Every structure is written in C-alpha cells, then in structure tokens.
Amino acid sequence: MARKPTMRTEFVLFDIVYEDGSQRSNRKVDASLLGGLDGDEPALTSIMDQDRAISEKSGVPPLKITSIKRSGKK
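First residue of the sequence shown? That's 1 in our numbering, and the numbers climb one at a time after it.
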C-alpha cells in the first residue's frame, strides 16, 4: 500500500553575529515565515526565540544580536 507523501518543511539558513563578536552559522528559520513585505525581518524574531529557548536550558543569558544575513550571501 502506498504511503501518503509527507509535507516537506523548507528552511532558510542564516549567519548570526552577536555583540561580543561571536558568530553562529547556519541557523534554521522556517521559509514560510519569510518573504512578503517584511522580507527577512521575521527571521530575527525566530532566531531570538531560538536563543531564548537555548538560554533557558543552559542557564546562560542570551547575547544581543548585532546582525543577521542569509548564509552564502556576501
């Protein structure tokens, strides 16, 4: 019996630079959040949410994000 195709989630990868100069590469953001009039602005909110969740688990306060850009762009 054939299986139903699963819905495929597409991601866009971002490079993040924090206030202390550290960088995190290839942070995933759901592609459905991006585009439209806001462009990549919703990615910042999504990444901040990811950082908040990570900081809650690790007990280390999140760093302030200085800049974000799509991975692979110069």
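If you're looking for bench data, these hints aren't it; they were derived computationally from the structure. Take these hints with a grain of salt, some might be off.
Taking lysine-lysine and the DSBU-like style, the derived pairs with C-alpha atoms no more than 35 Å apart in a straight line are [claimed, not checked]:
{"#": "1", "residue 1": "Lys-28", "residue 2": "Lys-57"}
{"#": "2", "residue 1": "Lys-69", "residue 2": "Lys-57"}
{"#": "3", "residue 1": "Lys-4", "residue 2": "Lys-28"}
{"#": "4", "residue 1": "Lys-64", "residue 2": "Lys-28"}
{"#": "5", "residue 1": "Lys-28", "residue 2": "Lys-69"}
Keep in mind that this is a model prediction, so the values were computed, not measured.
Checked hints:
no.	hint	in the structure
1	Lys-28 with Lys-57	19 Å, holds
2	Lys-69 with Lys-57	26 Å, holds
3	Lys-4 with Lys-28	26 Å, holds
4	Lys-64 with Lys-28	18 Å, holds
5	Lys-28 with Lys-69	12 Å, holds
The structure shown violates none of the earlier numbered hints.
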